[in-house]
Each structure stands twice: as C-alpha cells, then as structure tokens.
Amino acid sequence: MTERMIETPVHRPTSTAEALALLSAPGTEVLAGATWAMRDDGAPPGGYVAIASLDELQRITHSDGELTVGSAVTHASLARTDLPAAAAALAQAAAASAFTAIRTVATVGGNVAARSFAEADLVPALIALDAIATVASGDGEHRLPVARLREHGCAPGELITHFTIPTPAGRRSAFQRLTIRGGAEYAVVSVAVSVDLEGSTVTSARVAIGAAEAQPRLCARAAEALVGGTLGERAPAAAAALVAELSPRTDHAAPGWYRREVSGHLLGRVLSQLRTGANH
Amino acid sequence: MDLSLTVNGRIVEVTAPAMTPLLEVLRESLSLRGAKPGCNEGRCGACTVLIDGEPIVSCLYPIALADGGAVRTVEGLAAPDGPIAPLQDALLEHAGVQCGACTPGILMSLTALFDRDPAPDEAQIRDALAGNPFRPALQSRPVFPGQQRMGCPFRFRDLVAVPATAVTSFGPLRRGAGTVRCCGGSLVATRAMGVAAATSRERRSSTRRIARRTAGVASAPRRA
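Those protein sequence lines, which keep their order, are chains X and G. With our numbering, letter number 143 in the first sequence gets 434, and the count goes up by one each step, no holes. With our numbering, letter number 152 in the second sequence gets 1440, and the count goes up by one each step, no holes.
For the record, the hints were derived by calculation from the structure and aren't laboratory data. Given the structure is predicted, the values throughout are model-derived calculations rather than measurements. The C-beta atom is built at its ideal place from N, Cα and C for all residues, glycine as well.
Chain G stretches covered by chain X per the calculated footprint, using a threshold of three residues with CB under 8 Å from any CB of chain X:
#1 1300 to 1311
#2 1340 to 1354
#3 1406 to 1419
Using the sequences plus the hints, can you model the full thing?
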C-alpha cells in the first residue's frame, strides 16, 4: 500500500446526481467494488467517488424486450438472477467469474471500466449480447456499445450508469471459460455466443472472445460461419473460423498457441450447451 | 477518516485513511489477527471475513466502504468463554487444521455458506471454497455431501518447509487447555501458494512484517 493510496479520500454520495457533481471535480475517479482499484498502484489526486451502494445503480429490470442492468449490480446479484434466455450468457459469466468473496463486491460497471483487465468475464458476454452502455456526466448522458467503451474508456467526470441488452424472442445465449487448473483463477480463454433461431436454423449470430487477446471482442467470421444451418452443422466451420481469426497473446498463464488451440474447442462447448441446454 | 462499524457484534470507532484495507484495520487497529495477509491481492482467501453476512476478501476492501457495516471475523464465531462453533469443532475433529494460516478464511467462507443453507450439496461446498485455493489443512479429503469435510487440490508435500518452532494460540480454536500448533501462519501461506514473484515493495514489506511477528523465524525469506 503506497502512502499516496492511503491518503486518497473516498467521497460517498447518496445519489447518482451527487456522484456526478463530485465527479465533475478534477482528478476524481469512480470507485465501485474496489477489487481492481485496491490492486492499482496509482491513485486519483482528487480522490474516489464511491458508487457501489447507490440503489439507482443496483437495479435489474426486464420489460418490452429489453433488459436493463445497473452498473453497480454485483456479479453475485447477476449470478442469482433468472435472466431471459437471450441474456443467459451474462448470468453464466457472472457465476463463473472469480469466487464468492469477489463476486459479492465486484460490479458489472467495474468489470467494463477495468480496461487493462483482458480476462474480464462479463465483457465478452456483454459484447455478444449487443449491450449498450449509458454513460452520464454533468453535461447529460450518451449511449455507446460496450466494445467501444472498452476501446476509449470513460472521459473524466463520466459515470457508467447502466447497460441495456435487447432480448428478442428466439434469441439464446451462453458463456463458457477455460482455466488451467479449474476454479477461481483468471480464464485463459472465454467465449460468449448469442444466436437468433428460426426453428433450429441460425438466422444471426454474435461470437465474442475474451482473455485471448488484450481486449475482448466480436469475432465476425466465426459468427458468419454459424448462420444458415443448425448449430450442430455449423459448429466445425465456426470453430475453424474462430481459430483463424485470433491473434492470441502470450503471458505467464498460457502461450498464444495454446489459447488459439483451445478457443475452437471452447466455442464447440458453448454451441453444444446452446443446443442441449446443458452446462458442461 | 473517522468510521464506525460493528465488529463481531461490538460497535467500534476507527480512524484510518479511507483506502486502508479492512484487513489492516482488523489486524493493526483492532488486534484481531485471525484474518491472515496471504497474497494481498485477493487470490488466496486467507483474509476472508463477512460483511453484512457476505464473504469478502478483506485485503481488497477499503475501510471507507465498511463504514456503518457489520463485520464478522473468525474471532466472532464463538464467545471468548464459550465452546467453539460446530464448524470449528468439525475441522478439529477431522484434523482439518494444520498450520492454521488458511483456517480462518475457510471457516468464514463456510460460515457464510452454512448460514445461507444448512445442508449444502457437494457442488455448493466446492463453490464456497473456490476462493480459498490455499488450503493444505483440508488436504485431499473427499467431499461428503451434507458433512463439513472438503476436498483440496494441495497435498502436504506441496508446502514449503518452515521451521515449526512457533506455537501460536488461535483464540477461537482453543480447545480445553491445549492450543493449536501453528508453523508460521501467513509465511507458509504465501510461500506454499507459489504466488507470482512479489516484486512490489509493499508485498515485500508485508512479508517482512509477517516474519517479524512470527516468533521462531529469524528473518524474512528471500523471494525472487
């Protein structure tokens, strides 16, 4: 714990409006579950603005084919919520992430905001689900896709307030991750898939991969390969397309070739889970 | 900042910098040394405590967020003059306590589980313990559904030998006149876990602090 970090003040607003007012001061940063901030050596000179206890940011609502998830919703809360099939991948990612004592506090907004966290589990799920983030500041709010938010980050004074996820009829989704020893460690590869089905034919698909590269992202060719047949028929072509499409990274957890090798198999498992409803 | 929180049923007032880990306040300001500093990055689970009934890793929990909350530590599982909790008794009975470094974290993870569901199945027990990957005390015992015995991926030989000269009394684990032997607490936890090289200054100094506190260990081990 550096001296700098120890002296950093933590402001505790009681409403989102107050949080935005505090964030308009220079040098401030958002503090949610703190699991990432506490491992970061840097500290914002203006202090943190704690938002995890704000009720307005903790809501999960579903109506009119749209799921809304507040940015301070924890992984534990997502994992125990019965989400519609179209958004099931998000609950599965939350349940598989880390372990109970982290899931208790870690938030969906924090997972997205930790842009250097390549292994963030909720991000590929949100990307595959076409989630749109709403970002507020003193000047109002704007909406942008999660992948773009990961790319550019929040500007000073901005706060992610919630994510909206379309849940049309006929859409299903699933998520799986692979770890070296199993259990609570970071994934070496994670895959989230969302498909629209007519009967058993895939009419559109989104495949997102996490942990394999520096940023989770959509894999367009793998998704294209799924369209036009059944999940079973199209799985081998989609896996081949995914493997060809990746530029995997090497780190202490796994070499790039390994991530590439297993990604196709992991996609196969996710597709099989979508086909049978079973979680392997 | 000035804070007020409930710790093991007692209201305590604390003054500490806002981003101080709850673990540090528990150990340094409140002298509750049950929760252990292991990896200091939320991986080993040795510092697990409950806040408002939910398990958290206290090394990653800023004290500012604990203001007004109810914290429960291993010291709060049994009254100082009362019998130990059934869970503690079960761990002792099945020789599930060795050096004691991982035991408080395991007890708190399982307490949260059993408070929520008195008869969890094997999958729930495994999930509840996923955050306590360092658990030599439980060795490779199989899981018996409905009983408080847990599986463990580590075998005893995975532990790094540390002179077992220190005998530490863990208050709540006291049984009759005897004490639970401890071979160096967190020192063992940190080394046995094979946690990635501790390059940061704070982690090195944390190891030194732990070493100083550990009677019988002359100096801190050098880590790459």
